[in-house]
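Q: So the sequences go chain by chain: L and V. The first sequence runs 1 to 313 under the numbering used here. The second sequence runs 1 to 177 under the numbering used here.
If you are wondering where the hints come from, they were derived from the structure by calculation, not from laboratory data. One thing to keep in mind: the hints can contain errors.
[Unchecked claim] Keeping only pairs whose Cα atoms sit at most 25 Å apart, straight-line, the calculated SDA-like set for lysine to any residue is: (1) V/Lys10 <-> L/Ile6; (2) L/Lys82 <-> V/Arg156; (3) V/Lys161 <-> L/Gly237; (4) L/Lys82 <-> V/Met88.
[As the list claims (entries may be wrong)] Some chain L residues well away from chain V (every beta-carbon gap over 10 Å; in silico): (5) Ile6; (6) Pro13; (7) Tyr14; (8) Gly50; (9) Pro99; (10) Met100; (11) Val116; (12) Pro133; (13) Ala141; (14) Phe172; (15) Arg175; (16) Thr180; (17) Ala206; (18) Leu249; (19) Gly250; (20) Ile274.
[As the list claims (entries may be wrong)] Here chain V is said to cover these stretches of chain L; the calculated rule only asks that three of the stretch's residues, wherever they fall, bring their Cβ under 8 Å from a Cβ of chain V: (21) 17-31; (22) 80-87.
If you're wondering where the values come from, they're calculated on a predicted model, not measured in any experiment. For each residue, glycine too, the CB sits at the ideal point set by N, CA and C.
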Amino acid sequence: MKEELIISGRNIPYIDPHLNIWHWPIPAYLFLGGLAAGLLFFAGLYTLMGKEKQLPTAVKWATFVAPFALVLGLFFLFIDLKHQWYFWRLYLTFRIESPMSWGAWVLMAITPLSFVWAATYIKELIPGFVWKPAFLNRMEAWFINNRRFFASIMVFLALVLGIYTGILLSAFNARPLWNTALLGPLFLVSGMSTGAAVILWMSKDAQERHLFARIDLVLIAIELFFIIHLFMGFMAGPEVQQDAAQLFLGGRYTWAFWGLVVGAGLVVPALLEILKLRGLKIPVAIPALLIILGGLIFRIIMVEAGEATRYLY
Amino acid sequence: MRYAMAIDTKKCVGCSDCVVACQLENNVPSGYCRDWVTETVHGSYPNIEMELRSERCNHCDNAPCVRCCPTGASHIVEGGVVLVTPNMCIGCGACIESCPYDARFSHPDGHVDKCTFCIHRVRKGLQPACVSVCPTKCMYFGDLDDPSSEVSKMLRTRQYKVLAPEAGTKPQVYYLV
Chain L
1 MKEELIISGR NIPYIDPHLN IWHWPIPAYL FLGGLAAGLL FFAGLYTLMG KEKQLPTAVK
61 WATFVAPFAL VLGLFFLFID LKHQWYFWRL YLTFRIESPM SWGAWVLMAI TPLSFVWAAT
121 YIKELIPGFV WKPAFLNRME AWFINNRRFF ASIMVFLALV LGIYTGILLS AFNARPLWNT
181 ALLGPLFLVS GMSTGAAVIL WMSKDAQERH LFARIDLVLI AIELFFIIHL FMGFMAGPEV
241 QQDAAQLFLG GRYTWAFWGL VVGAGLVVPA LLEILKLRGL KIPVAIPALL IILGGLIFRI
301 IMVEAGEATR YLY
Chain V
1 MRYAMAIDTK KCVGCSDCVV ACQLENNVPS GYCRDWVTET VHGSYPNIEM ELRSERCNHC
61 DNAPCVRCCP TGASHIVEGG VVLVTPNMCI GCGACIESCP YDARFSHPDG HVDKCTFCIH
121 RVRKGLQPAC VSVCPTKCMY FGDLDDPSSE VSKMLRTRQY KVLAPEAGTK PQVYYLV
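Next comes chain L alone, as it looks inside the complex (with noise of 0.2 Å):
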């Protein structure tokens, strides 16, 4: 039971009436963050599996996404610091247990990493493209020699940015909603659907599409798998998540969860995919941006409900 509560004289800014300290840039970031991550994920892999020739979108044109995606991530946690010009201390320590310190080393790498990644790319982009000063291609040429090296790295990274996307809400017990260990394979599988359906976006290969459609509708599946074992946890689960989870079984949240996360994010795009593969004409931008959208809708949707949860009053 909830206690009926007046509190005094206690009226601060994003705290009262309910905590609201993390504005739009947040779920912004986990979305952009999660997006990056699935493109260098698969461009690293089919660089390791060797399908450079058969995969190009994946492994190199849509790699040029993932450094604006995350400079543009970078940005936007930037501004919703509070206390902004000490961000650099950040980089003064590593805290093993706060996610949030991985999330900001993490970051550290994989964005330069991104860079050269794309960078080694410019000139199959641009024929008769050279690099001045001539050092540069002088490392480029040692980066392309190394690539596979750099490419496992690149994988690794990539989890560990995707996987940090949930877990940075995950850590936070006080927020019934988020406080599951669920939260960060689901927000890796939703980035890396969301990379997935870049690549198919961008895609002028049929085979390649063909392959990528595949793999989205996997991870719309395990997606969904992850999302109805979230809501049994939380209904097993004590009675303040069993509140979080009224706010989507009936609550505030039911309609923009179930109707654009779930089904305009997710199924539909899946049975579009489905149709498509079946030899529908189906332009791919509408499932590719639907699956977009939705994940960014999912992240905005958990950063907000999670907050209105809470232990007391």
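Given the structure of chain L, go ahead and fit chain V onto it with the hints provided.
A: Positioned in the frame of chain L, the structure of chain V alone reads:
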């Protein structure tokens, strides 16, 4: 040494002197507070019961705010007191999200702020400001490891509860009921 506070809900009248004393002592910006008074009402008329609680940071033994802090700005000092170093804080809000008591807030200067158990007074042998002004003397502060401290005596002789024990934070502000 383990500093803790015990607050007698049977003696508290909800005057908010503790809130004002804290704001003055710690120069808390207007519109903000590090402690506050909560009124809870159970039941319905005529079987109705009211409880008053002066609440603040619980200086938890298992402090999620310290765990989540990416820079180490949130840290633990002597007696288990949780403090924030303003010029190490980036204002990311992780500790605010992690606190089940909503005891932390974003100071208008950008860094996070909260109750310090008035450690600057305690180090001089004084009581925290809120405890020292309480007109009904319903607040007790001291060292739980010292069996002769007032707070130890109170917890030995009275029934008590803590807030949201199920959150697993092991809070160190006790409410005598």
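Q: Now look at each hint and say whether the structure bears it out.
A: Structure-based check of all given hints:
1. V/Lys10 <-> L/Ile6: Cα-Cα ~18 Å, so holds.
2. L/Lys82 <-> V/Arg156: violated, 43 Å
3. V/Lys161 <-> L/Gly237: Judged against 25 Å, a Cα distance of about 23 Å means the pair holds.
4. L/Lys82 <-> V/Met88: holds, 12 Å
5. Ile6: Nearest chain V Cβ is 5 Å from L/Ile6, so the label is violated.
6. Pro13: L/Pro13 is in fact no farther than 10 Å from some Cβ atom of chain V, at 7 Å.
7. Tyr14: violated, 6 Å
8. Gly50: Per Cβ check, L/Gly50 is outside 10 Å of chain V; nearest 38 Å; holds.
9. Pro99: violated, 7 Å
10. Met100: L/Met100 is in fact no farther than 10 Å from some Cβ atom of chain V, at 4 Å.
11. Val116: Per Cβ check, L/Val116 is outside 10 Å of chain V; nearest 26 Å; holds.
12. Pro133: Given a closest Cβ separation of 36 Å, the condition holds.
13. Ala141: holds, 37 Å
14. Phe172: violated, 5 Å
15. Arg175: violated, 6 Å
16. Thr180: holds, 15 Å
17. Ala206: holds, 45 Å
18. Leu249: holds, 22 Å
19. Gly250: Given that every Cβ of chain V is farther than 10 Å from that of L/Gly250, nearest at about 24 Å, it holds.
20. Ile274: holds, 39 Å
21. 17-31: holds (count 3)
22. 80-87: This one holds; 7 residues, not fewer than the three required, reach chain V with a Cβ under 8 Å.
Hints 2, 5, 6, 7, 9, 10, 14, 15 from the earlier list are contradicted by this structure; the remaining hints agree with it.
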